[in-house]
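Spelled out, the chains give:
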Amino acid sequence: MKYDLGKKIAALALTGLLSGVAAAPASAADTLKFVSWQKDEGGVGEWWAEVISKFEAANPGTTIEWTKVERGAYADTMTTLFAGGQPPQIVHLASFEYQNFAENGWLENLDPWFADAGISLDGWAGQQICTWNGETACVMLLYFGFIMGYNEAILAAEGLEPPTDFDEFMNVIEKTTKDLNGDGINDQFGTVVVTRGGPGQYLTELLNFVLDAGARWTDSDGNVTMNTPEMIEGLARWKAVINSGFTPRDIASGEGRRLLADGKVALKVDGPWLYPIMARGPAAADLKVTKPPFNPPVGGSSNVLGMASEISDEEKALVFEFIKIAMSPEMQSKYATVANSTPPSPTADVTGVEEKTPHFQLLIQTQQAAAAAGVDRIPTGLEVQYGEFSKMVMEEVERMLIEDLDPADVAATMQAKAEAIQGG
Amino acid sequence: MAIPRSQSGTTWFGLARPSRRHWLGYILLAPAVILVAVIIIYPLVVSVDLSFQKVGIARLDVARKPFTLANYEKLFLSPEFWKSCWITLKLVVTVTLLSMIVGLATALLVNNQFRGRTMARLFVALPWAVPEVIAVVIFSRFLDSSFGLINWLFITLGVTDELWGWFSDPTLAFWSIVMTMVWKGYPFISIMVLAGLQSIPVDFYNAAKVDGAGVWQRFRYITVPVLMPVLGVVTILVMLWVFRDFAIIKVLTDGGPIKSTQTLAILTYDQAFGFFNFGYASAVGVITLLICFIASYLMLGRQTKSMY
Chain U
1 MKYDLGKKIA
11 ALALTGLLSG
21 VAAAPASAAD
31 TLKFVSWQKD
41 EGGVGEWWAE
51 VISKFEAANP
61 GTTIEWTKVE
71 RGAYADTMTT
81 LFAGGQPPQI
91 VHLASFEYQN
101 FAENGWLENL
111 DPWFADAGIS
121 LDGWAGQQIC
131 TWNGETACVM
141 LLYFGFIMGY
151 NEAILAAEGL
161 EPPTDFDEFM
171 NVIEKTTKDL
181 NGDGINDQFG
191 TVVVTRGGPG
201 QYLTELLNFV
211 LDAGARWTDS
221 DGNVTMNTPE
231 MIEGLARWKA
241 VINSGFTPRD
251 IASGEGRRLL
261 ADGKVALKVD
271 GPWLYPIMAR
281 GPAAADLKVT
291 KPPFNPPVGG
301 SSNVLGMASE
311 ISDEEKALVF
321 EFIKIAMSPE
331 MQSKYATVAN
341 STPPSPTADV
351 TGVEEKTPHF
361 QLLIQTQQAA
371 AAAGVDRIPT
381 GLEVQYGEFS
391 KMVMEEVERM
401 LIEDLDPADV
411 AATMQAKAEA
421 IQGG
Chain F
1001 MAIPRSQSGT
1011 TWFGLARPSR
1021 RHWLGYILLA
1031 PAVILVAVII
1041 IYPLVVSVDL
1051 SFQKVGIARL
1061 DVARKPFTLA
1071 NYEKLFLSPE
1081 FWKSCWITLK
1091 LVVTVTLLSM
1101 IVGLATALLV
1111 NNQFRGRTMA
1121 RLFVALPWAV
1131 PEVIAVVIFS
1141 RFLDSSFGLI
1151 NWLFITLGVT
1161 DELWGWFSDP
1171 TLAFWSIVMT
1181 MVWKGYPFIS
1191 IMVLAGLQSI
1201 PVDFYNAAKV
1211 DGAGVWQRFR
1221 YITVPVLMPV
1231 LGVVTILVML
1241 WVFRDFAIIK
1251 VLTDGGPIKS
1261 TQTLAILTYD
1271 QAFGFFNFGY
1281 ASAVGVITLL
1291 ICFIASYLML
1301 GRQTKSMY
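Protein chains in written order, with our numbering: chain U, 1 to 424; chain F, 1001 to 1308.
Isolated chain U (complex conformation) (with noise of 0.2 Å):
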């Protein structure tokens, strides 16, 4: 009697175990992972959201299971994802660090998807920055151009317009800053420029700067540029502007963003992200939107979207359907409308996103503005060494600040230490 349970209970487990086996490739397809930063993010967020209930309501059976990570842990997230083998099968990255997973052959080429499925990718606003090793490895979802917020009533109040270069930047910014409770205090600035929260936000802010004195960090062919004359005033202008005390000192991005959507900073440059953070502040009756003062206007690619190739045929299927939604023209339009942001799709239906978005054209034209003058926020030749890259101009960056040091210097330090990162 003994043996027989024995016996039965083995043939249950095994049971149990081969069924297990057997339903794994389709269980594996019911779930598809999807892991964003963007989750919670007012605008963009809702997008996605969408583009996942079309997914499901098109795919019975299949659901997504999305996950917020924070930006801050999201690149070593992803990276044990990945390294672990258990990768997310629906993969979003910035635009900055996508090469490195490329690099691996982590990233699915989608070329063959495309040509199967007759889709065009001609026209696509910084699809060319998803090619790597001659292949597409994303598809670019953010092609934008900074605006400028600013805050109409603090302007008014000394009788000033909103800046349209750096010396009228730095006469409105002078101007605006303030102690308007008089404990010797500012509380009131005239600008807020972030340092806080990494290398990639640190070099972000500084390129508005650089790329208005009209420096680059590398030429289109991937040379090192940085000491130039243009550099060495793009530098001298980041130091006369943080020295200046005409912004708050450590700011991370969020935290600026706050500051200018709760009127306690007169204006702020920043992507079109920005606007749905300032629509929903104590300040908005008050804050406007319009070009940067900085010309060219950063801008560039932002975040992409893609698939891992070590996944199961059926699940790349899947995936492919779901970039496929995300690319089609309604989701296209609903970028602009939903997600405040310019569509990357040329073909996307734009009429009427102006009742939504009123500032519309003015995405549209920075975003052009920083497309015709080649503006891209990782620079050619360093992407894969961008982490390093960054880190060194933030720290010498720096250094320029704390040891008060000669932009000329820094400028000859910078040029010598990136091209050793990139000689590896």
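For the record, the hints were derived by calculation from the structure and aren't laboratory data.
Nothing false has been slipped in among the hints.
No more than 20 Å apart at the CA atoms, straight line, and that leaves these computed lysine to aspartate or glutamate pairs for EDC-like: (1) K1250/F / E70/U; (2) K33/U / D313/U; (3) K1250/F / E395/U; (4) K417/U / E1080/F; (5) K1054/F / E103/U; (6) K239/U / E1162/F; (7) K33/U / D76/U; (8) K1250/F / D76/U; (9) K33/U / E310/U; (10) K288/U / E255/U; (11) K1083/F / E398/U; (12) K178/U / E1162/F; (13) K324/U / D349/U; (14) K1074/F / E419/U; (15) K1083/F / E403/U; (16) K239/U / D1169/F; (17) K178/U / D1161/F; (18) K356/U / E50/U; (19) K417/U / E398/U; (20) K324/U / E135/U; (21) K1250/F / E398/U; (22) K334/U / D349/U; (23) K324/U / D122/U; (24) K288/U / E152/U; (25) K39/U / E50/U; (26) K1065/F / E103/U.
Could you slot chain F onto chain U? The hints should help.
Below, chain F without anything else, positioned relative to chain U:
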């Protein structure tokens, strides 16, 4: 539940036989040992192995790269590594010393009889209960260079007439981390020392008083020697905590500015997840482990002698 028996009547594996009775101990220990091996020893072995390879992003499902000492050569020739060692040492010594002083002082305080002692003990232990990241956020707000409470207090009290850049000045950034770590770490010392203090018989102090010993002499010749075993163990635990702590530094300063707060833990993280140099990061990790091991061994050895 009945133990299955063979036909001869002995238990399975012959555990009842005197020569095999010790097997039971091994069998009972096995799950714990296997668990430890899987979650500690295996990653450790992988790390050591990776440190001898030139690896970008580590993967376990690809062939091993050729053996090389390049990571260690680069490490020992790198000024950044030695600077991180120096910062780690500075931080370990400063935080451990200050935490010990504050922890010992608060333990001595709440060991006395006074009204509200229970509440005082609660307040002393409170920082220990606060999650590390929450503590960092609190200090981050206090020390905010433009809107923080500390700068406002300093200006209001006339300590300074300008805002201090707590996270943009290398010296202040270091002390920001020290303050946060001491605040977070001293309650552990306080609780442990308090337990030690309560185990000291009152007779010792009474006898010392009869012999004319003052407060300082009683502290120096009774309290400290009896507490030494506790203080020794606590010192090692606090040192190891400071040595490997990551969250406080990462959230507060991220190792900056200009690497002034970059400890070995931050260096390891940056190399692995910032620059995707897993081989080099593993080499830093292995050296960190060796330093921790040697420091613990020396401290434990010294402590054992001082106890008796």
